[in-house]
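Chains as they are written, first to last, in this note's numbering: chain A, 1 to 346; chain B, 1 to 346.
Incorrect hints may appear among the rest.
Any copy, or any two copies together, can satisfy a pair, since identical chains are not distinguished.
Stated by the list, open to error - Quick list of in silico lysine to any residue cross-link-like pairs, SDA-like style, CA-CA up to 20 Å: (1) K158 <-> A258; (2) K158 <-> Q296; (3) K158 <-> Q304; (4) K200 <-> A258; (5) K158 <-> A305; (6) K158 <-> L309; (7) K158 <-> E295; (8) K64 <-> T286; (9) K71 <-> T17; (10) K158 <-> T302.
By construction, these hints were calculated from the structure, which means they are not laboratory data.
Here is how the chains run, residue by residue.
Number of protein chains: 2
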Amino acid sequence: MDKTETEIRLTVGDVETLVLDVLGANGFSRAQAEAIARTMVPAETDESRSHGVYRLIGYVRSVKAGKADGKAEPVVTSLSPSIVRVDGSRGFAPLAAERGRPLLLDAARAQGMGALVINTVLHNSALWADLEPIVEAGFAAIAMTAGQSAVAPHGGSKPVFGTDPFAFGWPRPGKHPFIFDFATSAIARGEIELHRRAGKPIPLGWAVDTEGNPTTDADAALAGAMLPFGGYKGTALALMVELMAGPMINDLISSEAAAADGGAGSAPLGGELILVFDPERFSAGTATANRERAEQLFAAITGQAGARLPGDRRYAARRRSEREGILVPRALHAELLALAGQAETR
Amino acid sequence: MDKTETEIRLTVGDVETLVLDVLGANGFSRAQAEAIARTMVPAETDESRSHGVYRLIGYVRSVKAGKADGKAEPVVTSLSPSIVRVDGSRGFAPLAAERGRPLLLDAARAQGMGALVINTVLHNSALWADLEPIVEAGFAAIAMTAGQSAVAPHGGSKPVFGTDPFAFGWPRPGKHPFIFDFATSAIARGEIELHRRAGKPIPLGWAVDTEGNPTTDADAALAGAMLPFGGYKGTALALMVELMAGPMINDLISSEAAAADGGAGSAPLGGELILVFDPERFSAGTATANRERAEQLFAAITGQAGARLPGDRRYAARRRSEREGILVPRALHAELLALAGQAETR
C-alpha cells in the first residue's frame, strides 16, 4: 500500500475490526459495539458515508462528554399487545433496536401490525439499517427519529426541527428490499460544512440567514437555519416526525435534544419509532399476488431513463465494496487507529 | 340577491341541502349522500374548494358512467385484532370510512394502534375530513390513498403516480386538531388547467413535457406528466403511498385506477389506508404531560413571522364561513341546481 495515497483500501472485515477496536478501546460494552458495527459497517459498505466510520468520533465523544453510556443495557417491556418498548438507557440506538426486534416481529405477526418505541438512545445511525432485517423478514415498515434543532419551518428563520429522517421499506422476496431513508431537511448539515471549507456558495433553498433571508453563503447558513425539503409539505412531514418520535412516545423534541447536548457535539438524544405491517394480513391473505403488482410499479419507474428506485445506488455500492473493498480517507483511518490506541501499521 | 353578481352567498345549511338534493336527484342512497355531505360541506366551509361542491359533477358522472354505485352498502369485516376492513363495493369513500370508524377506534383503544383498510371505493374527498373525527377522539392518525396516474417519478417523463395524498393528524384537546393533508404531486392538476384557460405559463417544477423536459407550457404539461413535490424525496413518498394504499391492502395502483376509468373522467377507484395511534399507550400513560411538549413545538412555529401551522388557514376560513356564509360561483350554482332538477329560484 502506497503511503502517499490519500485513501486506504480496506475489506469489509477490516472495517468491522476497526469499528470494534475503536469502541472497545473507549469503554463500550461488546454488545453495544457489535450492534453499532452491524449498522455502521453496512453503511460504509453501501457508501452511505454520512453514517459510516467517521461517526465513530462522535460516538466516542458522546461517551467521553458523559452524554451517553457505552455499556448501557436496554430494557424491553410491552406497552400493549401491539407495542413493544425499549428503554435504551442512554446507550446507542442499534442495540436497543436489535433487542426490541424479536418481540416486535412477534407482535406484528400476531396482530397484523406492531410498533417499536425506542426511548432514551443516542441516534447517529441510518434508519434503513434498522429497517432492513424487518423488511427482509417479510414486513412493510416505517421508521422515524428526531434530531437536534437546526432546521427552520418553511417561511420562518429559527431552528425548530432536526434533520428528522423518515424511512420506509417494502419486502421483495429474492431481491434486495426496497428501502428509502431521507432527511426531511433539504440537505445534511455536513454538506453545508463541506461547502464552507471549500469556499463554495451553497445552492438557494438549503438554508436561511439569521434574518430568515435565503442565502448562498455557507457561514450565514450555519449561523442561521437549514430549510426543510419541499417547502411547506416537507415542513409538515418534519413536524409529524417530531410529534410521533417525540411527544407521542414520551421522548424529546429536537429543541430539547439540542438543550440536552449543551454544545457537546454528541449524537442526538431522544426516541425512535418503528411501525411494522404484515402485508399478508393487510391484504386478507393475498400478499403473493399483490407483490407482483408492486413489482409492476417498480418496473414502471426503473423502465424510464433518468428515473431510479431509492436504494438502488446503495445496493450497487454494496456489490462493489464486497468485491473491491472500501476506500477510507487515510487521515480518517489514522485518526480512528489513534482513537483505538493503535499505531498506523499498514 | 343581485343576479348580476358572479357569486352567490349560501349558508352552511344551504350548501348541505344543495349537496343532498343533487345526490338524491341522481340516484344516490340517503346513506351515501349524507356521508358525502359530511365531508364535502366542511371542505366548502374550510375553503378547501378542490374537495368542495364542484366535485358533485364528478360524483354524478361516476355513477352515470357506471363506474360507481351510488347506493352501495359498505361491508365491514375484521382482518386481525388491529385491522378493520371495509369493502366499499364501488360506493364512495366517505360512507366506507364512517362505517369502519367505530370498530377501528375500538381496535386502537384495545391494541394501542389500529388500521382501517378501505377497499374498492371511489375517492374524491379530502383525507383531512376522514381524519378529523378520529383525531378529535384523541388519537394520532395517518391516512393515504392513491389516484389515477398523472405524475412522473423524479427524473422520469411518464406518469406512474396519482396525486397520492398523505395526511397526518395530532389531537389538541380544547383546540382544533392539528391536521395536514397534502398531495405528493408538486401541484393539483386543476391548477395547471386553470393556467391553461388563463393562457398563463406554469412555474418550472410543476410538470414535464412528453419528452421529460421541464416545461412552463400548460398544454405541454397536460400532455406530459406532473412532477412530485420535493424531487426524489417526494417521489419516494408517493411510492410509499402507492404501495401501502395499493398492493399492501390488495387494491389498485394508480395506473390500474386510470385503466379502470378508461377515460370516463370519474373519481379514482381504489383503496384508502388509515393508521391510528393511541398516544396514551405509546407514551406509557404520560400523554397529558406530552401534549404540553407538543404545544411547545407548535408555539415555536407559530411564534415565527412568516411560518404557520398547516390547517390554520382552513380553520380561519371555517370561522368566516360559519359567520358570513359561503360564496359559490353563480355559474357552478346554476349547474348544480340543474343537476338537482331544480330551476334557479334565488
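Verification of the supplied hints:
For the identical chains of this complex, K158 and A258 are intra-copy neighbours only, at 14 Å inside a copy versus 43 Å across copies, given an alpha-carbon limit of 20 Å. For a Cα distance limit of 20 Å, the shortest separation of K158 from Q296 across copies, 14 Å, qualifies, whereas the shortest one inside one copy, 43 Å, does not. For the identical chains of this complex, K158 and Q304 are inter-copy neighbours only, at 7 Å across copies versus 40 Å inside a copy, given an alpha-carbon limit of 20 Å. In this assembly of identical chains, K200 and A258 lie within 20 Å of each other by CA distance neither inside one copy nor across copies; the values are 28 Å within and 46 Å between.
Only between protomers do K158 and A305 lie at most 20 Å apart by alpha-carbon distance; the minimum there is 10 Å, versus 40 Å within a single protomer. In this assembly of identical chains, K158 and L309 lie within 20 Å of each other by CA distance solely across copies; the values are 15 Å between and 34 Å within a copy. When the C-alpha separation of K158 and E295 is checked against a cutoff of 20 Å, the pair qualifies only between copies, where the shortest distance is 17 Å, while the shortest distance within a copy is 42 Å. In the homo-oligomer, the alpha carbons of K64 and T286 never lie at most 20 Å apart, since the shortest distance is 52 Å inside one protomer and 32 Å across protomers.
Taking identical chains as interchangeable, the C-alpha atoms of K71 and T17 lie at most 20 Å apart only when both belong to the same chain, with a minimum of 19 Å there against 67 Å between chains. In this assembly of identical chains, the alpha carbons of K158 and T302 lie at most 20 Å apart only when taken from different copies (11 Å versus 39 Å within one copy).
Comparing the model with each earlier hint shows violations of hints 4 and 8; every other hint is respected.
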